[in-house]
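Starting from the known structure of chain A, fit chain B onto it as the hints suggest.
Protein chains: 2
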Amino acid sequence: MASIADRLGVRYLSGPLGHDVLFTIVTLVADQDRYDRMLESAAAKGFDTSNSEFIALDNRGANRFDGFDAMRRTLPEAKGRWIVFTHDDVEFDADGVDALRARLEELTALDPGWTLAGNAGGIRYRRGNPLLALHIADPHDKGERQAAPVLVESLDENFFVMRRDRPVLNSYDLSGFHFYAGDLCRISEVMGGRAYVIPFLLRHHSGGKIDASFAPARERFRRKYRRYFIGRDLQTTVTEFRFGLSGLREGWGETAASRHSYQQQNLAVPGLAGTE
Amino acid sequence: MASIADRLGVRYLSGPLGHDVLFTIVTLVADQDRYDRMLESAAAKGFDTSNSEFIALDNRGANRFDGFDAMRRTLPEAKGRWIVFTHDDVEFDADGVDALRARLEELTALDPGWTLAGNAGGIRYRRGNPLLALHIADPHDKGERQAAPVLVESLDENFFVMRRDRPVLNSYDLSGFHFYAGDLCRISEVMGGRAYVIPFLLRHHSGGKIDASFAPARERFRRKYRRYFIGRDLQTTVTEFRFGLSGLREGWGETAASRHSYQQQNLAVPGLAGTE
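Line by line, the protein sequences are chains A and B. All residue numbers for the first sequence refer to the numbering used here, where the first residue is 1 and numbers rise by one. All residue numbers for the second sequence refer to the numbering used here, where the first residue is 1 and numbers rise by one.
Hints in this document: simulated from the structure, not taken from any laboratory. Be a bit skeptical, because a hint or two may be false.
Derived contacts from chain B toward chain A, CB cut-off under 8 angstroms, selection only [claimed, not checked]: (1) 11; (2) 54; (3) 144.
Per the computed footprint, the stretches of chain B lying under chain A, defined by three or more beta-carbons under 8 angstroms from a beta-carbon of chain A, are [claimed, not checked]: (4) 12 to 20; (5) 56 to 66; (6) 83 to 89; (7) 110 to 123; (8) 131 to 141; (9) 146 to 153; (10) 197 to 207.
For clarity, every value in this text was computed on a predicted model and none was experimentally measured. Yeah, the Cβ is synthetic: ideal placement off N, Cα and C, and Gly gets one too.
Okay, chain A solo, but in the shape it has when bound:
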């Protein structure tokens, strides 16, 4: 008679996670023409079915996914060694598949514990003179380029890479289209990971959009993280945070129940399911 493990079809795992392709390229797609331009440029630079799979989070016609959903929705589907997240308005007009692989292997040699890599990020806050690391062609481009990976505190959303064997997932109490890479970097930090800007060049056709949802999203990010980053400053590519000491009072004597109440009062977006 078959063993109980055989009868239940037990899978014994004894080695590291494998991968079918090098890259899973995940894109929040709002506009087909922009996405097609991105795909054409990727294919022209060597990203194809021999080394990559492509997943579109389909926001054509309606927003079905926000930035905070992207990684958690994709990770269980992804089969690549590296998961590359992009906006639909980037274009691979400079570096290609071989360069990206080489930059990520260099980064792994430099820091085997890295968790996130991107093309723009904040190193640290300095009043009036933010310290950023940039390696991107975008409307703000002043030609800043990096020669080697730079350890950063935050990354821009237009393009970032994650390891499928060492993933990081976004917060469940934030939502929308701002600060999701900054949030990912915070979770990565608490998890003990590290984020880098790497010298991989692409074109981002937008300089970042400061719309009406930006200020409330920034305030929710501040209220969430000031309780974990007491006394700390944070520089992102688009803004900065000085978390100060008020989180000390808010966190004092905190319980799981009082924290839930704080989340409902301070982080929920009125009318948005799942955030209250």
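Frame of chain A; chain B shown alone:
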């Protein structure tokens, strides 16, 4: 000619994550006899290939995976709606598959935002009189039972459940076989999730092992989290933490580089690859 999206085999995702079975049952397996006992008991209580898949993290003969590896190694392989983690020395001698499903659906109705569920955890620290929630038959059992889900700050490692559509992953700068559920609860907390003890009963044949690795693991946990949980107390089933204020000094003026240095000096396990 096919569109560029067709040529690259783009998958458009437009709905929530699906699942092939209800449960992915993940076990750190050090001992085949204990695991077979667990599997036999699971099958007798209705967990079988019609509703569950079974994944063994194979530590027979050698420790290939620690507690912190378990979820990150398994998540990309799992196909269940819920991921159930167990020790190999638990036995399903009371509740079964229908009860677990019912308890998780009750929890989801109570709190759609839950992230973790278990059978033992800490609600809060009270000096000399820790407030715990227990619903487990183990060598310490004094018959405490819960009638409904209880919101907790920490869970015991013997058994816990995670949602595959809302996962939480362990820290990369801790390791070993202690505090990995407490770590998962901390990451879940920062991500905005919530952990509960639910009234699902099984037997755990161990009361928890306080071995020589316990005290150093506890100290590493304390050094890691006192910088994010300044002034906070934490109750686990086996110990408590009073994080105090020293993290305020340690975090003050911190940069990504100084944090990496702190990790290397305070959290790394000498001689263990990947922790330095």
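What hint numbers does the structure not satisfy? 3, 6, 8 and 10
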